[in-house]
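Visitor: Working from the sequences, and respecting the hints, build out all of it.
Residues per chain, in single letters:
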Amino acid sequence: MAYVPERIDGDMTGGRRAYQRLPGVGGSGLWRSRTETWLGPDHLLLVEGVYTERYRRVDLADIQAISYATTPGALRATWALLTGAALMFGGGLLPIAYGAAPGEVLWLQAFTFLLVVAAGVNAARGPSCRFLLKTGVQTIEVPSLRRVRKADKVYEVLLNRVEAVQGAVSTPEAPTRLSAHFAAHPELLRTPGLRVSRARLHLLAYAAVLTSAAVSAVDLAIPLDMVLSVAGMVGLAGAVLLLAAVAEQRDSTVPPSLRALTWWALGAQAVSFVLSVAAGIAIVVTQIDPGTPPDPVMFETIPPEYRQPLDLLGLLFDLPFALPGFFMTLSYRRKLRRPARDAQATP
Amino acid sequence: MPRRMFACPNCGEPWPADLANRLMPGRCPSCRAEARLHVFPALFRSESTGAEGESAALDGESTCFYHAGKRATVICEGCGAFMCPLCDVELAGRHVCPRCIERGQVPEARETMIPPHTRLDQIAGSLGLLSLLTFFMCFPGIILGPLAVGFGIASLARPRGPVPYVRWGAAGGIIGGSVATLLAIVWMLFFFSAFTAAP
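Residue numbers (this note's numbering), protein chains in the order written: chain A, 1 to 347; chain B, 348 to 546.
By construction, these hints were calculated from the structure, which means they are not laboratory data. Glycine is no exception: its CB is placed at the ideal position from the N, C-alpha and C atoms. Hints are supplied without guarantee of correctness; some may be wrong.
Said to hold, decoys possible - Under 8 Å between C-beta atoms, here's a sample of chain B residues computed to sit facing chain A:
id, residue
1, F353
2, A364
3, H385
4, Q469
5, L503
6, A504
7, R505
8, P511
What the hints assert, rightly or not - Reference excerpt, derived from the structure (chain A facing chain B, CB under 7 Å, subset only):
id, residue
9, I66
10, L159
11, G167
Guide: Structure follows, in structure tokens:
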């Protein structure tokens with residue numbers, strides 16, 4: 001939808017001096033823009049964008065409710081980073097098992113260290129949350145308030161400022177009034193319509209991962225440098241598409257089972273990638289040319305007998321997710337088309 | 348999860364009314380997520396509803412440009428389109444359509460809106476960084492460096508947007524761009540002398 005600028009009363013310079021920045025900077029989702037929240041004398045200003053700032057103004061007198069709830073996102077991210085660190089640690093030790101001197105492969109643990117630091121920073125930022133703000137015409141999610149600590153601060157500031165403008169609903173009377181309001185407006189409790197997704201990205205992603213698995217299987221039978229490169233590139237494309245599908249499936253009609261499977265498939269791709277790189281480095285360091293700096297790009301120089309474990313690793317992480325995912329996506333798309341066909345058939 | 352105010356943003360299940368306006372955070376009864384909800388008097392105000400478009404009664408009647416089935420009652424003073432009462436926006440005593448406001452064709456609207464603001468300082472900063480990263484390629488450095496300096500100077504001469512900010516990007520663009528340009532020139536001279544000195 002095209003952007004419609006919000007109204008502003010008063011001169012720009014005066015307004016600028018009066019703005020107070022609220023904690024929190026951040027975007028929502030994977031590709032959405034940076035957002036900041038500013039508090040004006042009588043309104044809240046949401047600033048979105050890096051190179052072009054767009055403004056959304058919410059009058060304090062129009063705010064009907066604010067809320068937030070914790071989400072498991074931050075915890076999941078910490079666990080994912082720690083799992084990655086553990087895998088990197090194991091992968092970094094692999095060359096030692098093949099006979100490399102610990103000093104030669106110590107630098108590999110730098111990645112482990114980076115992942116552990118990232119996990120620590122993420123954990124220190126505290127639990128994640130979603131912050132919502134309701135006016136008479138819309139419910140806005142504030143993307144800059146994704147952590148409880150910051151959301152709590154803004155919640156208190158907004159509470160005081162909005163109550164100073166509108167007055168307060170006391171703690172004992174709020175449930176009674178809200179219950180009566182729900183009874184008068186049952187639509188407030190009804191689930192809003194979800195965005196219809198045709199799951200094209202899911203289909204493409206699972207098709208790419210399946211293709212990658214098939215090419216890996218071919219490489220098992222006929223070990224060719226070109227085949228392994230193709231498998232790697234298609235697998236990478238599949239991982240990128242899975243990432244896009246994960247972002248696209250949010251707030252959509254994609255069934256929960258398919259959503260969960262897509263997350264698992266993405267995780268499997270990440271683990272498979274880390275393990276492949278670690279195993280590849282281990283083989284290159286210890287078997288190909290001991291003493292030369294390891295280079296993960298040197299997969300094509302790996303002899304077939306060492307490539308087979310890599311191919312098997314790819315198959316193990318691709319097939320169990322890609323096969324059910326592909327057919328679940330097809331079945332979902334078929335179900336989506338059926339009502340449309342039924343509607344055409346009915347005179 | 349869809350944005351529904353009176354449902355848990357985590358699991359989507361409706362919240363009980365007694366979660367509202369508590370002094371301490373409560374818990375979502377469904378997913379046990381820590382939750383807070385505060386309602387304000389504006390929620391219980393009677394809402395004024397906008398005018399609804401009337402259906403066109405006769406075939407010959409003018410219909411709304413945006414709603415084909417609705418009778419047109421007013422003409423947009425910006426573009427001349429027929430509008431139903433639903434599309435009619437009254438602004439500074441004029442009747443205009445939402446599209447004219449969006450396109451900035453209503454001078455009165457332009458004076459009272461916050462238009463999008465291009466952050467030249469951010470562009471300068473990014474170009475400065477990019478020019479520093481690519482100076483060794485000579486030509487990108489020669490092009491991006493002066494561009495970063497130009498954007499940096501232009502951003503200093505331009506008024507800021509509605510919210511205050513320090514123009515760190517402009518400083519970064521001017522300094523980074525200048526250094527990258529110099530480095531790119533030195534690099535080019537080095538290459539030139541190396542090639543000309545070769546037997």
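Visitor: Among the hints numbered above, which are violated by the structure, and what are their numbers in rising order?
Guide: 5, 6 and 7
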